[in-house]
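**Student:** Each residue of the first sequence is one higher than the one before, starting from 492 at the first, in my numbering.
Certain hints may be false.
[What the hints assert, rightly or not] Pairwise CB distance ranges, derived in the manner of DEER restraints:
no., residue 1, residue 2, range
1, ARG635, ALA548, 18 to 26 Å
2, GLN516, HIS569, 18 to 26 Å
3, VAL565, LEU631, 26 to 34 Å
4, PRO634, MET568, 32 to 40 Å
These are computed hints drawn from the structure, not numbers from a lab.
We put the beta carbon where it would ideally sit given N, CA and C, even for glycine.
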Amino acid sequence: MPRAFSERDPVEVARALLGQLLVHQHRGVLRVGRIVETEAYVGPQDLACHASKGRTARTEVMFGPAHHAYVFLVYGMHHCVNVVTGHGTAVLLRALEPLEGLAGRRTDGPGRLTAALGITLAHNATPLDEPPLFLAEGDLVRPRDIRRGPRIGVDYAGAWARKPLRFWLRDNRYVSATP
DNA sequence: GCGGTGATAGAT
DNA sequence: TCTATCACCGCC
């Protein structure tokens, strides 16, 4: 995918990423999943978005060029990967449909997704249009097959927690469980 | 439902 | 330096 893909409003990108492929190439091993669930984090004003802390060492990548990876560690053990859409915005990848190199691995949920593909903090700030970690063109998704609802795990964000910024493919078995 | 785990940000 | 907090997950 070209970098221009991610140089758009994060909500548009969150929808457009559904059906696209996330690929990780590591020491000759190829792992590929189809993106089936995303969440938009829409900028410094969004209290659920890490960029609401302003520009810090951690959030700086979100203010850099679009189409780069923002990877962070939560709860001391789980990595989460985002597609940076610039200006302090990003799209969290929450679930994949396994396509290649993922036999027997669960890819529903942001922590399981990164564990299955082998994504770590080493991938933070890397461009997503070249190996080892990149986005590739998948299939076209019909707008009617996209569902939306509140984001997961951000209850602390008040009214921002209730905004429908989570997107997923209707009836897809790999979408993570809804609380 | 509960707690592990370590990076981060802000306080001290 | 210390401490609270956390875009989760597996097991109870």
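**Student:** Now tell me, hint by hint, if it's right for this structure.
**Tutor:** Evaluation of the provided hints:
| no. | hint | result |
| --- | --- | --- |
| 1 | ARG635 to ALA548: 18 to 26 Å | violated (42 Å) |
| 2 | GLN516 to HIS569: 18 to 26 Å | holds (22 Å) |
| 3 | VAL565 to LEU631: 26 to 34 Å | holds (32 Å) |
| 4 | PRO634 to MET568: 32 to 40 Å | holds (36 Å) |
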